[in-house]
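With the sequences and hints as input, model every part of the structure.
Residues per chain, in single letters:
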Amino acid sequence: MIDSSRFDPEALKLFLEEAGDMEDQIEESLLLLEKDPSNQEAVNTAFRGFHTIKGGAGMIGFEELQQYTHQVESLLSDVRGGEKSTSPELISALLGSIDCLRSFCKDLEGIESYDQQGVAASLEQIQKLSGTSADIGEPQTEADPEPTVQSEVSVSNESGFSRFLIELRFPEELLQEGGDPLLLLKDLHELGECIVTAHVHSIPQLEILDPSKLYLHWSVLLNTEKSEEDLENVLMFFLEEEGVTIRRIQGPPKETKAKQKINQGEDLPVQEDAPEAKDLPLKQNKETVQPQTQKIEKPAQPRPQVQKKEDSGGSIHVSNFKLDKLMNLVGETVINQARLKELGQEFRTLNRKLGDRYQQIIDDSDIVVRELQDQVMNIRMVPIKGAFLPLQRIVRDYSVKSGKKIKLEISGGETELDKTVSEKLGGPLKHLIRNAMDHGIELQEERAKNGKTPEGKIELKAFHSEGHVFIEVQDDGAGIDAEKIKDIARSKQLLDDETELSEEEAFQLLFLPGFSTSESISDISGRGVGMDAVRQDIESLRGAIFIKSELGQGSTFQIKLPLTLAIIEGMLVQVENQIFTIPLLSVLETLKPLGHQHKTLQKQGEVIELRGEYLPKLNLSRIFNLQKVDPPNLDPLVVVVEQAGERYGLLVDKILDQQQVVIKSMEENFFQIPGIAGATILGDGGVSLILDLPGLLKIALQNRQEPLEVS
Amino acid sequence: MTDQKPQENADVIDINGNEGKQYVSFKIAEETYILDIRKVREFITYERITIIPNLPEYYKGVINLRGSIIPVMDLRLRFGYEQLDYHERTVIMTLNIGDKLLGLVVDKVLDVLHLPEDRIQPPPETEKVIERQFLEGICEWQDEMLILINLDTLFDQDPSLQLIEETQHSITPIQ
Numbered sequence: 001m002i003d004s005s006r007f008d009p010e011a012l013k014l015f016l017e018e019a020g021d022m023e024d025q026i027e028e029s030l031l032l033l034e035k036d037p038s039n040q041e042a043v044n045t046a047f048r049g050f051h052t053i054k055g056g057a058g059m060i061g062f063e064e065l066q067q068y069t070h071q072v073e074s075l076l077s078d079v080r081g082g083e084k085s086t087s088p089e090l091i092s093a094l095l096g097s098i099d100c101l102r103s104f105c106k107d108l109e110g111i112e113s114y115d116q117q118g119v120a121a122s123l124e125q126i127q128k129l130s131g132t133s134a135d136i137g138e139p140q141t142e143a144d145p146e147p148t149v150q151s152e153v154s155v156s157n158e159s160g161f162s163r164f165l166i167e168l169r170f171p172e173e174l175l176q177e178g179g180d181p182l183l184l185l186k187d188l189h190e191l192g193e194c195i196v197t198a199h200v201h202s203i204p205q206l207e208i209l210d211p212s213k214l215y216l217h218w219s220v221l222l223n224t225e226k227s228e229e230d231l232e233n234v235l236m237f238f239l240e241e242e243g244v245t246i247r248r249i250q251g252p253p254k255e256t257k258a259k260q261k262i263n264q265g266e267d268l269p270v271q272e273d274a275p276e277a278k279d280l281p282l283k284q285n286k287e288t289v290q291p292q293t294q295k296i297e298k299p300a301q302p303r304p305q306v307q308k309k310e311d312s313g314g315s316i317h318v319s320n321f322k323l324d325k326l327m328n329l330v331g332e333t334v335i336n337q338a339r340l341k342e343l344g345q346e347f348r349t350l351n352r353k354l355g356d357r358y359q360q361i362i363d364d365s366d367i368v369v370r371e372l373q374d375q376v377m378n379i380r381m382v383p384i385k386g387a388f389l390p391l392q393r394i395v396r397d398y399s400v401k402s403g404k405k406i407k408l409e410i411s412g413g414e415t416e417l418d419k420t421v422s423e424k425l426g427g428p429l430k431h432l433i434r435n436a437m438d439h440g441i442e443l444q445e446e447r448a449k450n451g452k453t454p455e456g457k458i459e460l461k462a463f464h465s466e467g468h469v470f471i472e473v474q475d476d477g478a479g480i481d482a483e484k485i486k487d488i489a490r491s492k493q494l495l496d497d498e499t500e501l502s503e504e505e506a507f508q509l510l511f512l513p514g515f516s517t518s519e520s521i522s523d524i525s526g527r528g529v530g531m532d533a534v535r536q537d538i539e540s541l542r543g544a545i546f547i548k549s550e551l552g553q554g555s556t557f558q559i560k561l562p563l564t565l566a567i568i569e570g571m572l573v574q575v576e577n578q579i580f581t582i583p584l585l586s587v588l589e590t591l592k593p594l595g596h597q598h599k600t601l602q603k604q605g606e607v608i609e610l611r612g613e614y615l616p617k618l619n620l621s622r623i624f625n626l627q628k629v630d631p632p633n634l635d636p637l638v639v640v641v642e643q644a645g646e647r648y649g650l651l652v653d654k655i656l657d658q659q660q661v662v663i664k665s666m667e668e669n670f671f672q673i674p675g676i677a678g679a680t681i682l683g684d685g686g687v688s689l690i691l692d693l694p695g696l697l698k699i700a701l702q703n704r705q706e707p708l709e710v711s
Numbered sequence: 001m002t003d004q005k006p007q008e009n010a011d012v013i014d015i016n017g018n019e020g021k022q023y024v025s026f027k028i029a030e031e032t033y034i035l036d037i038r039k040v041r042e043f044i045t046y047e048r049i050t051i052i053p054n055l056p057e058y059y060k061g062v063i064n065l066r067g068s069i070i071p072v073m074d075l076r077l078r079f080g081y082e083q084l085d086y087h088e089r090t091v092i093m094t095l096n097i098g099d100k101l102l103g104l105v106v107d108k109v110l111d112v113l114h115l116p117e118d119r120i121q122p123p124p125e126t127e128k129v130i131e132r133q134f135l136e137g138i139c140e141w142q143d144e145m146l147i148l149i150n151l152d153t154l155f156d157q158d159p160s161l162q163l164i165e166e167t168q169h170s171i172t173p174i175q
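Chains as they are written, first to last, in the numbering used here: chain A, 1 to 711; chain B, 1 to 175.
Do not rely on the hints blindly, as some may be mistaken.
Below, a list of computed lysine-lysine pairs in the DSS-like style, where the Cα atoms sit at most 25 angstroms apart [what the hints assert, rightly or not]:
no. : chain 1 : residue 1 : chain 2 : residue 2
1   : B       : K39       : A       : K325
2   : A       : K322      : B       : K100
3   : A       : K13       : A       : K322
4   : A       : K322      : B       : K39
None of these hints come from the bench; they were simulated from the model.
Written out as C-alpha cells, the structure reads:
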C-alpha cells in the first residue's frame, strides 16, 4: 500500500475527487476517439484530464503517479500533435492506463494496494507506443521537428500563424494554494513561440514582502499556429480569473519558422517565485511587448479565492452534509412562510388595508422562497451521464472479448436526476446491459439468419416524463419467450399449472428471487440472472422496472425513477388521531368499501373483496397499536397499495391531502422504526410519519397469529 | 463554563459563577436531578407531538425542531413513575447526546447551579429512587440531594431499543 499519510489529507481528498471526475471524462473521450479517430476535441479532453491528474499528483507530492501520468501525457501529446495516429492498440493502452489511475486512487483511498504489475505493464505499453521520445524528464532537443509533420497535423483551422496577447494576473494567494504559473508558462511555450514579460512593479518593500505571495504578473505574446481554442484549453483553469485575458492581435506574424516545441522538463529562463530579487527582467526575448500597460499597472486588487475547477464549466465539490443542511433551512423557510401567510389572513380581518399590504409582501416573498427551494433541490441534480459512462467501457470490452459485435447508443445523457439515485443506478444498469449482451444479442451467424445486421445494438436512453426519470435499455436481440419463462417457473414451483398469465405477467416472473439460477438461463431467452436484485435496487430508489419484449425483435427494460430521493409525492391519511404519509408511488386507488366487501377468509385472514379479488387487509391502527379515538370510526376507507407485485388494502380513517413532501430521516436523531420509512414536516410544522410498506407487511405478518378482529 | 480560576476554598460557592461547572436542575417526582448545562441545547414548550408506533411508552414521539426530527422521552416514565398530565407549562429540554438530539420531558425545570466537581460523589450502592444505571453521581447541596444523570444510559440501557439498533432492517415487534 502507498503510505497516504504522508500526503496532506485535505489536498488528498480534493485530488481524489478531482481524479475520479477526470478518469471518467478521459474514459469517455477515449471511447469517443475510438469511434471517430479524427475527433480532436476528444484528444484534447483526454490530454487535459491526464494533465490535470499529473498536476494534482504533483500538488500532493505523489511522484510515482506524477511520473506515470507524465508518460501517458507525452504519448497523448504526440497524438494531439499528430505525430501518432490513433489505433485500437493505442486506445486499449490508454484505457488500460485509466484502470491504472483508478487503481492508484483506490490505493490512496486505502481500499486496496494498487496493481503494480498492471502499472508496470501499462507503462511498458505506453512507452512502446510513444517510441523513444517518452523518456521522463529528458527535454527534447531544440531541433525543429520535421515541418511536414507539423503541417499535417495542424488542428488550427486557419492556415499560418496568429498572434495572441495573453495577460496573466493571478490572485496573490495562488502560490499558497498550490498554483504554479511556471507550469502554465511552459504549457504556453508548447503552443508556439512566446515572448514573456514579467511585470515587477507590484513587488513591495522587502520588509513587508510576504514570500509566499505572488506579486508578479505577466504578459505573453504568443505566436502560434494553434487555434484560440487550443490556447483556451491551456488556460482553461484560469480563464474565469478576471486578470487572465486572451486577445488576438492583428497584423502579420513575425516569422513562420518560429514554431518550436519545448518539452516539459526544459528549463525556461523564467522565474516566478523569487520576489526577493530586485529586478526581474523576465524577458525571454529582447523584443518588447506592447501590452495594455495602463491596465497592468493598476495595483493588484483583492480577488476571490481560486477555486478548484473540475471541468470546463467550473464547479465545486460540496459535501452532502452541507447540502442537507441547506435543504433543511429552506424547508424551514417554506414552513415559516406558510405560517406567515396564515397570520396574514388574521391581519386582514383586523385591518383590511394593512392586511392587504402584508399579503402583498408575503406573496412576493413566496415566489422567492419557492424559487429558492427549487434551486436548492436542483443542486442535488446531476446528469445521468455519470452512471452511463462505465457502461460504454463494459460494452466495448465485452465486444472485444466475446467477438459479438455490439454497439451501445446512448441518448439523453444530460437528463438530470438526484445524485444519490444516479450513483446507485450503476449496478442495476450494468446488470441489464450485461444481460442484454449475454442473452439478448444473438451470435452473428444467428443474426444473419434472421436478416439482422451483424452488429447488435443496445440503446440506452434517459428522458424525463410525468415528473419521473425514465431509463430504457433496449436491445435488438432475440427477445424473451414468455412460454419458456412460464415453463421454467413451473419447473421451479414458482407457478402452478393452472394459473394463466399474460405475457406481461410472465415477464414479471423474471424478477422472482428463486427464478434465476445459472443453469436454466443461458440457453433460454436468458434474462433473469439476478433480476430480483435489480428490481430490489430499483425499488430501494422508489422506482419501478418494466419489461417489454417481442420475440425475435428484442427487449426493452424500462426503469422509472423519482427525480429525487429527497421529495416524494405523498398521500396524507389520518388514522385515529395521527397523520401518516403513504408514498403515492405505491397507491393504486382508494375506495370506500361496502359492508359485504369486508370478508374473512380461512387462509388469508381479513380481506377486502375488490372486483372479484381478495386483498389482504392492513389495519394501520392495529399494526401500530394506536390509541383508539372515541367514538371509533366504523366506516374506514381503504387505500389500495401495491408492494412487490402484491396488492393490499390499508385501512385509514380519512384521506386528507396529496402533496409533495420532503423526506426527513428518523435515524438522524433516533433509529429506524419498523414500518416507518422516515418523517416529513407538514405545513403547520407538525410531523407526519411516512409509511414503509415492506416493513408494515412484516409487522402485519407477525401479527397474523393473533386473533382476528372482524370489522 | 467559566473562565475564572477556581477559588482555593471550594466550600464557599459563588452563585454568580466563578466556581465549578454549571448544571441545570430539574424535578421529577420528589427528587431533584441535575445535568451538565453544556448538554442542554434549549427549552421548548410542549406542543403537538407525533407518536411513534410500537415503542416503549416513555418515548412520547417525535417533534420538528427547526427541520430536524427529534425524539421526545418522558423522563418520569423512563424512571418508572406514573405519567403526569401535560399542560401549557410543560417544557421539553432538548439535549445533545453524542451527535444526536433528544427531547426530555421533566416535571419542572428549576435552576442553573454552579457546583464544584469534587462535590459530586459516586452514587451510593443502595440508591433506590431510580435504577442505578441512570445515575452518574450525587451531590449534597444546600440540604438537598442532587442526582446527576448519566445521559448515555437513557438510550442504550433499554434492551428492546438495542434490539432495534442491532437489527436495523429486520422487524422485531417491541412490546
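The hints, checked one at a time:
no. : hint            : in the structure
1   : B/K39 - A/K325  : holds (21 angstroms)
2   : A/K322 - B/K100 : holds (17 angstroms)
3   : A/K13 - A/K322  : holds (16 angstroms)
4   : A/K322 - B/K39  : holds (23 angstroms)
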